[in-house]
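Participant: Here's the letter readout for the chains.
Number of protein chains: 2
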Amino acid sequence: METISENACFGGTQGVYTHASEACACDMTFGLFQPAEARDGPVPLLWFLSGLTCTHENAMTKAGAQSWAAEQGIALVFPDTSPRGEGVASDDAYDLGQGAGFYVNATQDPWKPHFQMWDYVTEELPALLGENFALDMERQAITGHSMGGHGALTIAMSLPGRFRSVSAFAPIVHPTASDWGRKQFTAYLGEDEAAWAAHDATLLMRERGFDGPVLIDTGTNDQFIDLLKPESFAEAVSARRQQATLRLQPGYDHSYFFISTFMEEHVAFHADALYA
Amino acid sequence: METISENACFGGTQGVYTHASEACACDMTFGLFQPAEARDGPVPLLWFLSGLTCTHENAMTKAGAQSWAAEQGIALVFPDTSPRGEGVASDDAYDLGQGAGFYVNATQDPWKPHFQMWDYVTEELPALLGENFALDMERQAITGHSMGGHGALTIAMSLPGRFRSVSAFAPIVHPTASDWGRKQFTAYLGEDEAAWAAHDATLLMRERGFDGPVLIDTGTNDQFIDLLKPESFAEAVSARRQQATLRLQPGYDHSYFFISTFMEEHVAFHADALYA
Chain W
1 METISENACF
11 GGTQGVYTHA
21 SEACACDMTF
31 GLFQPAEARD
41 GPVPLLWFLS
51 GLTCTHENAM
61 TKAGAQSWAA
71 EQGIALVFPD
81 TSPRGEGVAS
91 DDAYDLGQGA
101 GFYVNATQDP
111 WKPHFQMWDY
121 VTEELPALLG
131 ENFALDMERQ
141 AITGHSMGGH
151 GALTIAMSLP
161 GRFRSVSAFA
171 PIVHPTASDW
181 GRKQFTAYLG
191 EDEAAWAAHD
201 ATLLMRERGF
211 DGPVLIDTGT
221 NDQFIDLLKP
231 ESFAEAVSAR
241 RQQATLRLQP
251 GYDHSYFFIS
261 TFMEEHVAFH
271 ADALYA
Chain U
1 METISENACF
11 GGTQGVYTHA
21 SEACACDMTF
31 GLFQPAEARD
41 GPVPLLWFLS
51 GLTCTHENAM
61 TKAGAQSWAA
71 EQGIALVFPD
81 TSPRGEGVAS
91 DDAYDLGQGA
101 GFYVNATQDP
111 WKPHFQMWDY
121 VTEELPALLG
131 ENFALDMERQ
141 AITGHSMGGH
151 GALTIAMSLP
161 GRFRSVSAFA
171 PIVHPTASDW
181 GRKQFTAYLG
191 EDEAAWAAHD
201 ATLLMRERGF
211 DGPVLIDTGT
221 NDQFIDLLKP
231 ESFAEAVSAR
241 RQQATLRLQP
251 GYDHSYFFIS
261 TFMEEHVAFH
271 ADALYA
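As given, the protein sequences belong to chains W and U, one line each in that order.
Mapping the first sequence onto full-length UniProt numbering, position 89 (from 1) lands on 89, and the numbers just tick up by one.
Mapping the second sequence onto full-length UniProt numbering, position 189 (from 1) lands on 189, and the numbers just tick up by one.
It cannot be assumed that every hint is accurate.
[As the list claims (entries may be wrong)] If you want the footprint, here are the derived chain W segments under chain U, 3+ residues with CB under 8 Å:
{"id": "1", "stretch": "5 to 15"}
{"id": "2", "stretch": "62 to 68"}
{"id": "3", "stretch": "86 to 93"}
[Claimed, not checked] 16 Å max Cα-Cα, derived EDC-like pairs, lysine to aspartate or glutamate:
{"id": "4", "chain 1": "W", "residue 1": "K183", "chain 2": "W", "residue 2": "D92"}
{"id": "5", "chain 1": "U", "residue 1": "K62", "chain 2": "U", "residue 2": "E264"}
{"id": "6", "chain 1": "W", "residue 1": "K62", "chain 2": "U", "residue 2": "E193"}
{"id": "7", "chain 1": "U", "residue 1": "K62", "chain 2": "W", "residue 2": "E57"}
{"id": "8", "chain 1": "W", "residue 1": "K183", "chain 2": "W", "residue 2": "D91"}
{"id": "9", "chain 1": "U", "residue 1": "K183", "chain 2": "U", "residue 2": "E193"}
Derived from the structure by calculation, the hints contain no laboratory data.
Every residue gets a Cβ at the ideal spot worked out from N, C-alpha and C, and that includes glycine.
So here's chain W without its partners, still in its complex pose:
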């Protein structure tokens, strides 16, 4: 693992690190914010999974999360959204290939050799973080934006006991029924829709739910709201009697101005669960 940069930030350290990923068969870069408390021992960890076109950097510089994480003594990890590099397949579309990993393990070519983001985010990166930093891996929570909200919800529901709480900003919650999903799942997972169900938050909510609190914010003026389908998830949450807070925020859109506005409440929500 190589340190790209470390900057003092809210009393702690905002670092950027690169490592050779076995899962993705390429170098992967991530951001990690460690609060001051990490100098004295392991601290809880909140994952932030980013949306389409993002790298590790967008949320790290624009979401304003470090302020609140520092206040709560929580670390933040910002993974990249896909494998990258010269040998890695991509596509001219912004929503397929590099920058658009969708947090799945691709089974189809040309994606299969590198696009193993599920394994990367659920296995390889957690192991690397636990070995190299003062993080209490027994106290993890997860959030994300858009495609990353999809990742946070599907991962949290698929790994019971791993995360104490899950939240999301404007998540894609029903990708098997959306143009943000069907195209990518066809490419990465193949034509057989049976393989897609494991990566659809609405279907997972119907089947399994989440053993902990759920918080979702979506803006009423989100320009992509028809692709996100919050109504599908809301119906599934209610039908399951899942402990959850689903909020439609008046006037907000899909941008980081929306995310940063509600970040304080999301971090506080996770802190409640992490310190319970």
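Got chain W sorted already, so can you dock chain U onto it with the hints?
Facilitator: Using the frame of chain W, we list chain U on its own:
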């Protein structure tokens, strides 16, 4: 004036606007955050002048200022750092020409036709803002980063009564004695150093001071600290018995991670003066 974008943000609106600038003889773009209170009437205004290479966008997306400005009911304006466009002179160096206006009126060619940032920031843009938005132009404060800290300090001291308070993050405070200053002043203002003195915060502090509170933060690990010369300004502040708080922040560097860490305190500092 044309609206480029408006996003809901912390209960208010983060806008980006473009207008044909007379001072700079080109189109100029700025960001303006209006808190919710601006819907009911004029609110105080805090200026944020940015540093080398920045546009209106950097601080608007990375400094985390809207959160605290919303809490205090204060508007924020983020001007660009130079004229821009095809017909505008520039230089291959990052610290001269476009992105590096240094908040002066150029008297030398090829800069003179467009590089009139002093007039733009002190006259044209304030007039435009006062006419088009619910801003109380009797209650203004100013801050900035690096080159923008230089701008904030020199403008505040040169226009007594305009600003109630001035602060800066890692400002260039003695440009007439620094490679961040001598090169640019030679290019924009000519060889005669007499013309430079009006744009040097340390010299202005010795001559005039500021009729209000001053707050400066600089990181002890700032990679550019030898160019900033905080010791010169500190000496001038002390010699003048200027009301001021000058802080060296242990471990912090020149980045937006440093700025965002101390933004809450700077906004609160200005709010104290604006609501006094």
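Participant: Work down the list of hints and note, for each, if the structure agrees.
Facilitator: Against the structure, the hints come out as follows:
no. : hint               : verdict
1   : 5 to 15            : holds (count 6)
2   : 62 to 68           : holds (count 4)
3   : 86 to 93           : violated (count 0)
4   : K183/W with D92/W  : holds, 14 Å
5   : K62/U with E264/U  : holds, 13 Å
6   : K62/W with E193/U  : violated, 41 Å
7   : K62/U with E57/W   : holds, 11 Å
8   : K183/W with D91/W  : holds, 12 Å
9   : K183/U with E193/U : holds, 11 Å
Hint check: violations occur at hints 3 and 6; the rest are consistent with the structure.
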